[in-house]
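Enquirer: Hey, can you piece these two chains together into the complex? The hints should help.
Residue strings, one per chain:
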Amino acid sequence: MQTTSDEVLIGRIANGERLAMQVLFARHHVRVYRFVLRLVRNEATAEDLISEVFLDVWRQAGKFEGRSAVSTWMLSIARFKALTVLRRRPEEKLDEEKAGAIEDHADDPEVALAKKDKGAALRQCLSKPSAEHREIIDLVYYHEKSVEEVAGIVGIPQATVKTRTFYARKKLSELLKEQGIDRGWP
Amino acid sequence: MTTVNERERSDIELLLPWHAAGTLDHRDTQRVEAALANDPELARHYELVREELAQTIHLNETLGAPSARAMEALFAKIDAEPARRPAMSINLGARIGEFFANLSPRTLAWSASAAALAILLQAGLIAGIMLKEKSPGGYETASAPTSVAGEGAYALIRFQPQANAADISNFLETNKLSIAGGPSAGGLYRVRTAATKLPKTDLARIVKTLQEDKVVGFIAITE
Numbered sequence: 001m002q003t004t005s006d007e008v009l010i011g012r013i014a015n016g017e018r019l020a021m022q023v024l025f026a027r028h029h030v031r032v033y034r035f036v037l038r039l040v041r042n043e044a045t046a047e048d049l050i051s052e053v054f055l056d057v058w059r060q061a062g063k064f065e066g067r068s069a070v071s072t073w074m075l076s077i078a079r080f081k082a083l084t085v086l087r088r089r090p091e092e093k094l095d096e097e098k099a100g101a102i103e104d105h106a107d108d109p110e111v112a113l114a115k116k117d118k119g120a121a122l123r124q125c126l127s128k129p130s131a132e133h134r135e136i137i138d139l140v141y142y143h144e145k146s147v148e149e150v151a152g153i154v155g156i157p158q159a160t161v162k163t164r165t166f167y168a169r170k171k172l173s174e175l176l177k178e179q180g181i182d183r184g185w186p
Numbered sequence: 001m002t003t004v005n006e007r008e009r010s011d012i013e014l015l016l017p018w019h020a021a022g023t024l025d026h027r028d029t030q031r032v033e034a035a036l037a038n039d040p041e042l043a044r045h046y047e048l049v050r051e052e053l054a055q056t057i058h059l060n061e062t063l064g065a066p067s068a069r070a071m072e073a074l075f076a077k078i079d080a081e082p083a084r085r086p087a088m089s090i091n092l093g094a095r096i097g098e099f100f101a102n103l104s105p106r107t108l109a110w111s112a113s114a115a116a117l118a119i120l121l122q123a124g125l126i127a128g129i130m131l132k133e134k135s136p137g138g139y140e141t142a143s144a145p146t147s148v149a150g151e152g153a154y155a156l157i158r159f160q161p162q163a164n165a166a167d168i169s170n171f172l173e174t175n176k177l178s179i180a181g182g183p184s185a186g187g188l189y190r191v192r193t194a195a196t197k198l199p200k201t202d203l204a205r206i207v208k209t210l211q212e213d214k215v216v217g218f219i220a221i222t223e
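Heads up: the sequence lines are chains U and X, in that order. Just so we're aligned, residue 1 is where the first sequence starts under this note's numbering, counting upward by one. Just so we're aligned, residue 1 is where the second sequence starts under this note's numbering, counting upward by one.
Take the hints with a grain of salt, since some may be wrong.
[Unchecked claim] Cβ-Cβ distance ranges computed for the label pairs, FRET-style:
| hint | chain 1 | residue 1 | chain 2 | residue 2 | range |
| --- | --- | --- | --- | --- | --- |
| 1 | U | P157 | X | E6 | 16 to 24 Å |
| 2 | U | P157 | X | Q211 | 49 to 57 Å |
| 3 | U | Q60 | X | G22 | 25 to 33 Å |
| 4 | X | A80 | U | P186 | 51 to 59 Å |
| 5 | U | T163 | X | A68 | 40 to 48 Å |
| 6 | U | P157 | X | A80 | 39 to 47 Å |
| 7 | X | D79 | U | L83 | 27 to 35 Å |
| 8 | U | F80 | X | N175 | 57 to 65 Å |
| 9 | X | P161 | U | P157 | 50 to 58 Å |
| 10 | X | S10 | U | E174 | 16 to 24 Å |
[Stated by the list, open to error] Covered stretches of chain U, as calculated for chain X (at least 3 residues, CB under 8 Å):
| hint | stretch |
| --- | --- |
| 11 | 13-27 |
| 12 | 52-58 |
| 13 | 117-123 |
By construction, these hints were calculated from the structure, which means they are not laboratory data. Note that CB positions come from ideal geometry on N, CA and C, so glycine has one too.
The shape of chain X in the complex, shown without the other chains (with noise of 0.2 Å):
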């Protein structure tokens, strides 16, 4: 009848190889060296897989490499399959992949810090314009509503980064909204749409229109 230890060690002793050629997960890891420190037949084995392991790469590497003639049958098979359109949709996880990928640490840093301080610099050029919109007399009481919770039609909006406040101005006037609220996280402000409540399908051709302003960087349905 084996024991509980010694299944547990065939099985360390299984795992050998891998934990040679660092391959295990962290957990595997712990217990094959908890093993090898305490079990002297096991550290002779591991040196016999270590061992292996040293050959198996020697013998391999001293196998060579094709000859060009490969690369040049693969290129000629390429040339002569039809041409491919860009599959733009299979790949957007990719591309994004690869467009952050493509920055360096360092880049990414200060592309961050860049957001955070153009979100930084908007919110203040929007409360300016909320102030302005608030205060057409110049006074008003901190207690006084604006406008009654649950009424109107709202959005979610980030405003692109490269937006000025004479470009936001523009936009809120234009469009007829006004600033409810924010900058939430990720520089998003609630904006009204319309005075009363709209149906769902109205707000969301409105939220269309909206989108297409070069202003907006981001806008959702809100409520």
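Chain U with its partners taken away, still in its complex shape (with noise of 0.2 Å):
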């Protein structure tokens, strides 16, 4: 079976063709969705701002210049648009030493459990580093992008890409052994 590119859609989205922007939403909207959650914790916001980042794609559709992976431009609006949000409430740019206390529920029997099982831990540490990190975790590992791509959605160099993605890897362990699994790494 063939589909349309991405690329294809955004030229008819260009022209003002509704149909396409449907197209270009349902194939993307839950992984835009999903990055922007993990970044603002807020499903109400996250859906507002996902009709916002697709709005800005109808209306500067005609300026793609295919330099990215339309995906890789639609996560750039979409990180903008979740920062803008963040800035506007300083309440919740929590930083790491915070959220790890909160989020650390030493006792908690859902704690004791992650312990039994490392995925599910793991995924609990995945949720604790700082947005920075995560957004770097979710880019690689979710959203697939390239280091070229991640240092554009991010706009850093791809070396900083690099230690980045290395530092919060080394949290994500630090993390883990606080809930008592050692990886022995790093």
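Expert: Structural data, given as structure tokens:
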């Protein structure tokens, strides 16, 4: 089966084709939503943001030059919008220590179970790092973005993308260690 | 002091997440695979990366999806936007891409074969026209020149694949043109538009007029 490429859809959207917008939305909205939700941690805000992201796509489709994949372009817009919301609500800009403290339920039965299930523990720890570390882990592992693409989305050099990912992973190991799971790295 | 090998190992260690996600280029993939094959500690580390990859996907997949409210809000906003005029010129490349993208590989193969066959058949028809033009008396020596080299004004032309011999013959006759060469690659013919050399502006004007004829697929000035 053949599907219309994202680039072709963007061309049609630039010409005001509403149906092409529906196809693009259906294809990408879940991933964009999840990316935003992991940053803003609020479902209603994330829903509001994705309609804003796709409205920007509708408005700016004619300016899309195809220098990056359409999904990469959309994630850049989504990130910008999510960070704008976070800046407006400084109370949500939690630093790593605070976030860790809030979610650190040492004697929680869930945590006890998590210790037995390394996968569940890892998932729990994936929610704890800073927004900066969460976004880079998601972009690399879930959104399958290359070093170059992550650099484009986050707006940092490629070398920084690699080291930031390394430190995000190191943080994960530390968080797991706090839960009693020593991965033997770093 | 770090050795080259240590630096190389550190570089490769940084690439492991992308290797696990399958987003490295061919060269880096080979570098990482070679290192993993020879370094058990790096291979153990890679297993940790794979765990992270699996759990990140698991976590994201459990986040659910937005409600229909998001789509309704979006299209309500789109409907409230001012109507947009199609921007054909902006996306010419995209439109050409779209045309080919919309053809299935089989259709494309058939289209290419049909176009090649049409050019071949047309070449036969035009060869017939050229023979008629060249031999009004039915005999000509092989060495007899039909025109002096460098004389006249010329254009390169490709006829529409659906143009038949009568159409082409009529077009050449009406516009007092004669075929001087071809077909070259892509079914192009060299056509003499005037017996003497013309100023470029005059030739451009002639070419522009000829371009409007239905049998012409492509036309351009040539020496």
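Enquirer: If a hint holds in the structure, say so; if it does not, say that too.
Expert: Do the hints match the structure? See the list:
1. For the pair P157(U) and E6(X), the beta carbons lie near 22 Å from each other, so the given range of 16 to 24 Å is met.
2. In this structure the supplied range 49 to 57 Å holds for P157(U) paired with Q211(X), their Cβ-Cβ distance being about 51 Å.
3. Under the hint 25 to 33 Å, the C-beta atoms of Q60(U) and G22(X), about 30 Å apart, fit the expected range.
4. For A80(X) and P186(U), the hinted distance range of 51 to 59 Å is satisfied, since their beta carbons lie about 52 Å from each other.
5. Take T163(U) and A68(X): their Cβ atoms lie about 41 Å apart, and the range 40 to 48 Å holds.
6. A hinted range of 39 to 47 Å for the beta carbons of P157(U) and A80(X) is consistent with their spacing of about 40 Å.
7. Remark: the range hint 27 to 35 Å for D79(X) to L83(U) is upheld by a beta-carbon distance near 28 Å.
8. Between F80(U) and N175(X) the beta carbons are some 59 Å apart, a value that agrees with the proposed interval 57 to 65 Å.
9. Take P161(X) and P157(U): their Cβ atoms lie about 52 Å apart, and the range 50 to 58 Å holds.
10. Range check, S10(X) to E174(U): Cβ separation about 20 Å, and the 16 to 24 Å hint holds.
11. A count of 7 residues in the stretch 13-27 of chain U with a Cβ less than 8 Å from any Cβ of chain X is obtained; the coverage claim is therefore met, three being the minimum.
12. With 3 residues having a beta carbon nearer than 8 Å to a beta carbon of chain X, the stretch 52-58 of chain U meets the requirement of three or more and the stated coverage holds.
13. Coverage of the stretch 117-123 of chain U by chain X holds. Counting CB-CB distances below 8 Å, 4 residues qualify, and the rule asks for three or more.
The earlier numbered hints are all upheld by this structure, with none contradicted.
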